[in-house]
Every structure is written in structure tokens, then in C-alpha cells.
Amino acid sequence: MPHSFLVIDDSKLHHQMYRLIFSRGALAGSTVHYATNGREGYGLLAAHPELTLVLLDLNMPEMNGLEVLERRRAEGLHPHIPIVLVTTEGSAEDEARGRSAGAWEYLRKPFQPADVEHLVMRALAKAEPIA
Amino acid sequence: MSVGDENPFGELLQDYVLECLPLAEQVADTFVELERRWRAGDPADELLGSLPGRLHTVKGNSAMMGLTPAQETAHALEDACGLLRRSSERRTDPAAALLITGGGLLVDLVRQASPELDPGPAARYVERVRQWMQGEGPPAADTQSERRRTDRRGGGGADKTDSVVRVDFRRLDALLEVLGEGLIQHSALAEAYRRLARRSGACEELDRLDQTILALEKTLKRLESTLMETRLLPIASVFGRFPRMLRDTAEAEGKRVRLLQSGGETPLDKAVLDRLSEPLLHLVTNAIVHGMEPPDARSLAGKPEEGTIRLDAAPHAGRVVIRVADDGRGLDEKAIRKKAEALGQELRDDEVVPLRSLIFLPGLSTAEQVSRLAGRGVGLDVVAGAIHALGGTIDVETEPGKGTAFTLSLPVTLAIIRSLIVEIDHERFALPMAHVAETVRAEPDAIREINHRGVAQWRGDLIHVADGGAVLGTAAADRAPRRFYVVMAAGGKRQALLVDRLVGHQDIVVKGLDPALGRPDVVSGTTILGDGRVACILDSVRILEGGRRAG
Ligand SMILES: [Mg+2]
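Listed in order, the protein sequences are those of chains H and E. First residue of the first sequence? That's 1 in this note's numbering, and the numbers climb one at a time after it. First residue of the second sequence? That's 1 in this note's numbering, and the numbers climb one at a time after it.
If you are wondering where the hints come from, they were derived from the structure by calculation, not from laboratory data. Just so it is clear, the structure is predicted and the values come from calculations on it, not from any experiment. It cannot be assumed that every hint is accurate.
No more than 20 angstroms apart at the CA atoms, straight line, and that leaves these computed lysine to aspartate or glutamate pairs for EDC-like [as the list claims (entries may be wrong)]:
#1 LYS402/E with GLU341/E
#2 LYS402/E with GLU306/E
#3 LYS12/H with GLU229/E
#4 LYS12/H with ASP15/E
#5 LYS12/H with GLU306/E
Partial pick of chain E residues on the chain H-facing surface, computed with a CB cut under 7 angstroms [what the hints assert, rightly or not]:
#6 GLY10
#7 LEU12
#8 ASP15
#9 LYS59
#10 ALA63
#11 TRP132
#12 LEU209
#13 GLN211
Here a beta-carbon is modelled for each residue, glycine too, at the ideal position from N, C-alpha and C.
Let the sequences and hints guide you as you build the complete structure.
Here it is as C-alpha cells:
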């Protein structure tokens, strides 16, 4: 079954990186939606309840990752979709704030394609327990 | 994960430069601006606050690309800015100098975007920042994390990273040449097909051949646009040198100048950028040395002591327009006209010769303009020549006491030019389409003579008509009947050129811009046409300026 993902990151370079990651191996053929800021990303999240996983950048100029998480929690939007907060050298406090705001997992830069693949596998295992 | 692993994102190095170089440039420029503001007693909090986000992005992107020196330099600067935001008493000249050095280093590291760079300079810089931060009771935690990071990275730094694909621009040039040959072969094929079709009439096989030739053209076009895209770099890679250069020049000249920039993200072909750097640098240096008045003269004139130079770039109609503007004293029009007359330029009273056609004359730079920095004997004619050689135009506007602005218009890419091929006295020439407004059949009485110059009616206006043979200086004996004229337009100027025949449109590959050919004035290069013939590329801008011909 093809998966679908949402990438929210202000860096176009990161969009390209995710494009590479989602075009090979087990993830090839996935649908990926891209947003360049939190506001746009939130709209896409609302429009796509079928998302497998969301990769959310913490550091963005317009509505950052934490604000997206907080708004989503407040509005109770698609709580079943796991959101991964992506940071650069995130501190322990950042991590704790992210988790309490509803981040499912953390991904730290620099990451490798395998790290993302692993997160996807874990998210799938969580959503569809092997019978 | 170790540094030596193949970077899975190695193919995105160009994208990394496109995204990070403008950010690094903005950061470096902000450092220069911070120094200025701090000296003026302004804490510049909001400016300082704009830095961490950008540095954070450069740091994260560099980390993803495995470019450790850039990552660590960005991190050190981020830490230093954090400290400066917390303690305003540390916003001193030495601190600004430290930041400016780091900004320059970061720009270099990002521009080179190579995983094989010597990690030494970045490591030494990081250490300097660490010591500076420690200098007056820095937060201990920051220092520790600095050390941790260095230790963690220390081990694998020398691993070979040659599996990362990094494309040398020389390879891209070689590819472009191959593509050029492909395009020429395509043109030859298309021409052969047309002859064949005329001779044998329509048939199924010919149709298929036509389809294949069309498909080949599309493929080559796709190859061209992909290749051209890989060659694009943000103009910030040239602009980036200016803030630091300007600071040094202004200091040496005893002037107070600030630089405002916009459009650094505008992409341009590397070949254009390489040739643009010198002339732009010259214009900016000129603006500081000649354009700007000393602070006391400025305040006497009721202007702020600190002058402003603006450097703006923007894409416009498939080209890039760059403006270099200062708010200095303006050009001394009288002196320029006098000098131009001394150089033998006939200035008739009844005709207003625009300044722009004088200022770029060779040898115009006046003696009193020679100064230590700008006095390398390079006049504006050399700048104009360099811009024209790029297929560009340059124009100037000036107002006494208000300032001077140079406007450059440049092609985004250099090597392949869409051209109109014309025939003049049995020879073929290429006219860049960028300057061709229209082609018109020359009816017998369409051209009249006024003041010994041909004029024709065009879109309700009278425009000058020049004879192709006269412009080229071909022998009158060889003259063929002129059946068409090509209306050329550039930089607000229009003129028609009489030619014998319109051969067609073609994408030509410029073979060298060596002007040392028979007719240096109006020829900007050569190309090989579809039939294998060599044709000269006409410099339409020169022709529009009236050329520098004898007749
Ligand atoms: Mg970001």
C-alpha cells in the first residue's frame, strides 16, 4: 500500500533531501506533500487525514514546529497521525517541550535516509499491529 | 555515523549552495552593518536578532551535507551571537571584527561546498571564538558543548570522502561544448531534411524523419535547460565580496559609506558571474572613491555624513538587471563633455549628446580621478567593454549633488544565444534575438534621407536606418540588393539595419568572444552555422551606439 507523508520545512534543500529519501527502497512510490512554513503545513495536515507520518521542522520563521504542535493539540486535529519533530542539535528542554506538545518522535540533524526509513517502519508498526 | 561515509545527499551540493550562500552572505553583511551601528552607539538588537535563525539553517544544512567546517563555523557564530544578544557590554569593535572574519570564512566555506576542504581554518576560527567567549566570564555550558563537539568530530576528519559526487565547472563547460556540437548537428540535419523535402515532396518516411528531428530538438532543449540550471549560482556569490571590500576602501579613503543590497538570490550562469565580478567591483570602488563626498563635505551639502551605495539585482524579461547607485556628488557633466571634445568627439550645439554615450569613451577618466584605489588605469570604457562582451548593456543616470546610478542588463546564461541569421553581401551573420524587435521588408520608398542619414517609419516613429555593408565596412563593389531591414532595440535605443536576406532563427553557440577578428568593432564573436559555415555574431549594442566606424 502506498504511503503518504507531509514534510513541513522552510528549507527547500530539505525538501529535496526528503524527495530523495522517499523515492528509493521500500518508500519508493510514496506520496509526499511539502510545505515551507507551519501555517501552510497545518492546512495540509488538516486536508490529509490519510497521512502515514509528518516530518516537522522545529526552526521555521513563520509558525515554527512547536506552534504547529500546540495548535494541533488545542484543536484536536488528526491525533492519530504521528508527527516527528526535526531539530538541529536539539537540547533536552526542546525535546521535552516537543513531546509535551504532542510530538511522537524526534529526528536530529544530521540524519541519514535510514533514520527516516526506520521511523516510518516504527510508525507503521504502531498503526497496524502485525496480526 | 562517521564523517567518511558516502553522503547520501551528495548530489544536492549545488542546491545547498543556492540556498545557503545567500543566507551566509546576509549574515556576513549584517556583521559589517553591526560594526557600523555599534560604532554609532546603536545596540542594534533587532539586527542581532535576525542572525541566529539564518546561522541555524546554514548549520543544519551543512551538517546534512557532511560539510563539517561550515557547520562548525556557523555554530561558533551562532554561539557568539547568542552571547552578544545576552550581554550588550560585549558589543565592541574587536567583537565585530571577530564576527566579520567569521562571516567571510563562512561565505567561503559555503561557496566552495566541498567535503575535501582543509578543516584547519575553521577549527582555528572556532577556537578563537571559544577563547573570546571565555574572555569575560562566558557561560561555562557553551564552552563545554563546543569542546564535546570538537572531540566527537575529531576522529574521522581525515577519512576519504571521494565517493561524494562534486562536479567541477570545467566538466560542465565540456558538457556544454558537447551539447553545442549536438545542436549544430541538429541544425545540419534539419537543413538537410528541408532540402530533401523540397526535392522529393511529401511521403511517409519524410514525415517520420521530420518527427524524429523535432523530437531530437526537444531532447537537446531539455538537456540544455538542465545543464544551464546546474550552472546557475546566486549573484550573491559576487555581491558577497562587496561589504568587506567597501568597508576597507571607505576606511582608506576617509569616507563613511554603507552598502544596501537586494536580489542576492537572483541566479546567473557561472560563466557570466565570473566575468561580472571585475566590472562590478570597479563600479562600486568608483562610487566610493569618486562618487562619495567626504563626511564634512556631505554635511555642508545638507546630506547625511554617511553615504549610501545600493546594489540591486532582479530578473527582468529573461535577463538580469543590476543597478549600482550612490547618493554622492553626481558626475561632473561639464568636465566630461570638455574631455570628450578634447578626445575628438564632435559635439554639435544643436544636438544633445546624451552623457551615456560619452562617459564610456576610451580614455575619458580624467587625471584628477586617479586615486590610490581606483587608479589602476581602468576607465568606464573597459567596464562597458566587459559588459558588452557578455552580451549586456550598461547605462548611466546622474544628477548633480544627488548621485549616480549605473544600470546593467545581462543575459542569464552565456554560451547559447537565440539569433537571427541574416545575409549581408553574400556573407552570413548572427544577430542576437534579444535585441531584435522586428524584421520588415524594405519597400522601395520606405527609406528617406534626412541630414545624410537614412530614416524609416516604424510604429509611428522615425528611426535611423544603417546599411549593413557600411556598418561592416564591406567593399561597395560586392553590394547585393538590400531587401529587408532588421529593427534592433536595446537600452532605449532603436535602429534599423539593412540586410539582403533573412535566413532564419537559430540557437547559436558562441565560439569564443575573442574580438581579435577582422572587424573588432561590431563583431562580438563567431559561431558555426547548420551548414558548417563560420558566421560572425554582430554586436547589436555597438551597432545601436553607432559603432566606432569611419564612414
Ligand atoms: Mg528550518
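Evaluation of the provided hints:
1. Distance hint between LYS402/E and GLU341/E is unfulfilled; the C-alpha atoms sit about 25 angstroms from each other, more than 20 angstroms.
2. About 14 angstroms separates the Cα atoms of LYS402/E and GLU306/E, which keeps this hinted pair within 20 angstroms; it holds.
3. Pair hint LYS12/H plus GLU229/E holds up; C-alpha atoms about 16 angstroms apart against a cutoff of 20 angstroms.
4. With a CA separation close to 8 angstroms, the supplied pair LYS12/H and ASP15/E stays within the 20 angstroms bound.
5. Simply put, LYS12/H and GLU306/E have alpha-carbon atoms about 38 angstroms apart, too far for the 20 angstroms limit, and the pair is violated.
6. Interface hint status for GLY10/E: violated, as the beta-carbon distance to the closest one in chain H is roughly 10 angstroms, over 7 angstroms.
7. A distance limit of 7 angstroms between C-beta atoms decides the matter here; for LEU12/E the minimum to chain H is near 5 angstroms, and the interface restraint holds.
8. Given hint, ASP15/E at the interface with chain H, holds; its Cβ is 5 angstroms from that chain's nearest Cβ, closer than 7 angstroms.
9. With 7 angstroms as the threshold, the beta carbon of LYS59/E comes within range of chain H, its nearest partner Cβ sitting at about 6 angstroms, so the hint holds.
10. Annotation: interface hint on ALA63/E holds; nearest CB of chain H at approximately 4 angstroms, less than 7 angstroms.
11. A distance limit of 7 angstroms between C-beta atoms decides the matter here; for TRP132/E the minimum to chain H is near 21 angstroms, and the interface restraint is violated.
12. The beta carbon of LEU209/E comes no nearer than 37 angstroms to any beta carbon in chain H, farther than 7 angstroms, and the hint placing it at the interface is violated.
13. With its C-beta approaching chain H no nearer than about 32 angstroms, GLN211/E sits outside the 7 angstroms limit, and its interface hint is violated.
Violated hints, in rising order: 1, 5, 6, 11, 12, 13; the structure is consistent with all others.
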